[in-house]
Amino acid sequence: MNIIVFTKRVPATQEEELRIIGEGSAVDLSKVPFKVNDWDNYSVEEAVRIVEKSGGAVTAVSVGDAESDEVLRRAIAMGAKDGFLVESGDIVHDPNARATLIQNFLKKENVPFDAIFTGVQSEDDQFASLGGILAAKMRLPFVSMVIGIDSFEKDHAVVRRELEGGLQERVKVMLPCVMSIQTGINEPRYVSIMGIRKASKVERKIFKSADYQENVTAKIEVARWIYPPKKAGATILSGELESACKELIGILKEKGVYQ
Amino acid sequence: MSYALVVSEVRRGIFEERNLDSIGLCTHLGKDAILIIPEGEYGIKEQLVNSIVKVKVEEAVFLNPLNMVNILEKVVADRGKPDMIVFTNSSSGTELASYAAGYFDLPIITDVNSCDKDQGIFYKSYYSDKIFGEFRPIGNGTAIVTVRSGSFKDFAADKDVAPSVGTMEDVAVSSARTFMEFVEEEKSDVDITKAEFLLSLGRGVGNKDEVSDYEELAGMLKAVIAGSRPVIDKLWLPKARQVGTSGKTVKPKVYLAMGVSGAFQHVAGMKDSDCIIAVNKDAEAPIFQYAHYGIIADMHKVRDKLKDILKG
Ligand SMILES: Cc1cc2nc3c(=O)[nH]c(=O)nc-3n(C[C@H](O)[C@H](O)[C@H](O)COP(=O)(O)OP(=O)(O)OC[C@H]3O[C@@H](n4cnc5c(N)ncnc54)[C@H](O)[C@@H]3O)c2cc1C
Ligand SMILES: Nc1ncnc2c1ncn2[C@@H]1O[C@H](COP(=O)(O)O)[C@@H](O)[C@H]1O
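So the sequences go chain by chain: A and B.
Reminder that position 197 of the first sequence reads as 197 in the working numbering, one-by-one numbering, no gaps.
Reminder that position 294 of the second sequence reads as 294 in the working numbering, one-by-one numbering, no gaps.
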């Protein structure tokens, strides 16, 4: 089995104060640390497990600036054979344009595959669209929110899709296909610094996005970035930790959940 | 005719509540809405839309992206191009929407939570709700949107006249992807939906070893432990404890969220709690927008301090 798996480098914004700059034209990410997209970590692991069982190879692909090499090294440390960087300076905010670029790239470079894995969504843009758009453009079957792969045969796979409220559906899909992988599908292996250092010795190929621009046009535009409108929000229990915690216990008593 | 096409999400005979957000968006934008739905007894309030197309296929066939593009193609052949095609922002909604966007080469904006109808702008969350982008489809063709649940349902209102109802037959069905069966979640002996007081742990808990100290705190407070998805994904807590769209919807008297950022998939599962208390070290965490009370601090310090006070 040959599996192409997409992996994206994203800003870790959870604990950061984000600033909008240039009168809404950009979000300042210059001081934000970056990491691998959580969903892609699970998806790389899943691809590697399948290949470890059935043979073949995993090719990790990232679209981004030179720094994205970091997530490719990580994927190689996890067991991917190749790391391909499609270098593009400007970030495309349109998943449609990104999918067209990727489609052109896969076609032109003739990367062989039985399945293409993406994550369910990027942590930064939360579009949850790239896999579906790519599948449709390539006229391949698509399954999203894959939370379990029950079998992976030569010509088909049986997988579980996550629905809402704990419910799943089992579907059969013919290969080649595109799947978007949901977190929790597996336990991604630990990647040590040593492992990444070793992976650095494996050559990663760099491609220039300029070579794959046919029909790549944005279909949506961002007029402006804004801070979400604030609601009244929480009453903050401030002051010393001791007094805040005492207040908290007071609230629990008042609500009748603690005596 | 200018109109919007609303793709219903139906499952096991139920017309999902979040379809009202899709319909509400059309009403808000002043667009006639055509609802497409598999034929069956869904007990929908038909008057909410202008027109209904009942598709003679099973639910599972309808909710399959490989078939949905064929259904959409037939509607458009009959009725002309819509201004937009609206889907729910759910597991099936995003799957259908993204595939349709690629298939028909259309602009797509997902997870829309509000809009500016005069400027034709859709608001979409970025960075787990820390920033919103004002998105606009380029050109005047059909745009695809998925709508965040809870965002527009209040706009849905009865039309003056009853909708015209038509049926669609002979939909081409793909064999490249087929539904096999539903798989239910395993039964568990704890039911977090019954608890009056939930202590919910988010990724901020840091690592598995910390969890037992929170279980101890929960024991002292007589609270039941729950968690956000990453904590369950990492197997630090069992799946039955997960709060959110893909876990449980809870409504306790008190929901104490520690180290939870407040992503909408989590919030959707707990926002109706009587009292929400959030502990987070990031003052900008969206959870503080939904909480009644908050403490901006390291959750471990709060935990230890609470224990000290309770012991004392
Ligand atoms: C289809 C789909 C379904 C989903 N279903 C669910 C679901 O059912 N339930 C769910 O929860 N999520 C769900 N998610 C995931 C959701 O989008 C978020 O990724 C998730 O809710 C984030 O969890 P979190 O808040 O624990 O982690 P994060 O977003 O990483 O937030 C961690 C928070 O902890 C804070 N923190 C860190 N360290 C400390 C400290 N020492 N003290 C205090 N605070 C600290 C940080 O400031 C941050 O705000 C779903 C996603 C998708 C795509
Ligand atoms: N720039 C990128 N490079 C590599 N993979 C990407 C990129 N953008 C999106 N993806 C893949 O597509 C998935 C869904 O992304 P999105 O549609 O942006 O939410 C991600 O989990 C990645 O696997």
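Treat the hints with care, since some could be wrong.
[Claimed, not checked] Think about it this way: if two alpha-carbon atoms lie no more than 25 Å apart in a straight line, the pair counts; the simulated DSS-like pairs of lysine-lysine are:
1. A:35 - A:198
2. B:31 - B:153
3. B:208 - B:239
4. A:108 - A:208
5. B:194 - A:231
6. A:31 - B:281
7. B:281 - B:194
8. B:117 - B:56
9. A:253 - B:271
10. B:234 - A:255
11. B:311 - A:253
12. A:246 - B:305
13. B:153 - A:246
For the record, the hints were derived by calculation from the structure and aren't laboratory data.
Next on the checklist: Please list, smallest to largest, the hint numbers that this structure does not respect.
Outcome noted: 5, 7, 8, 10, 13
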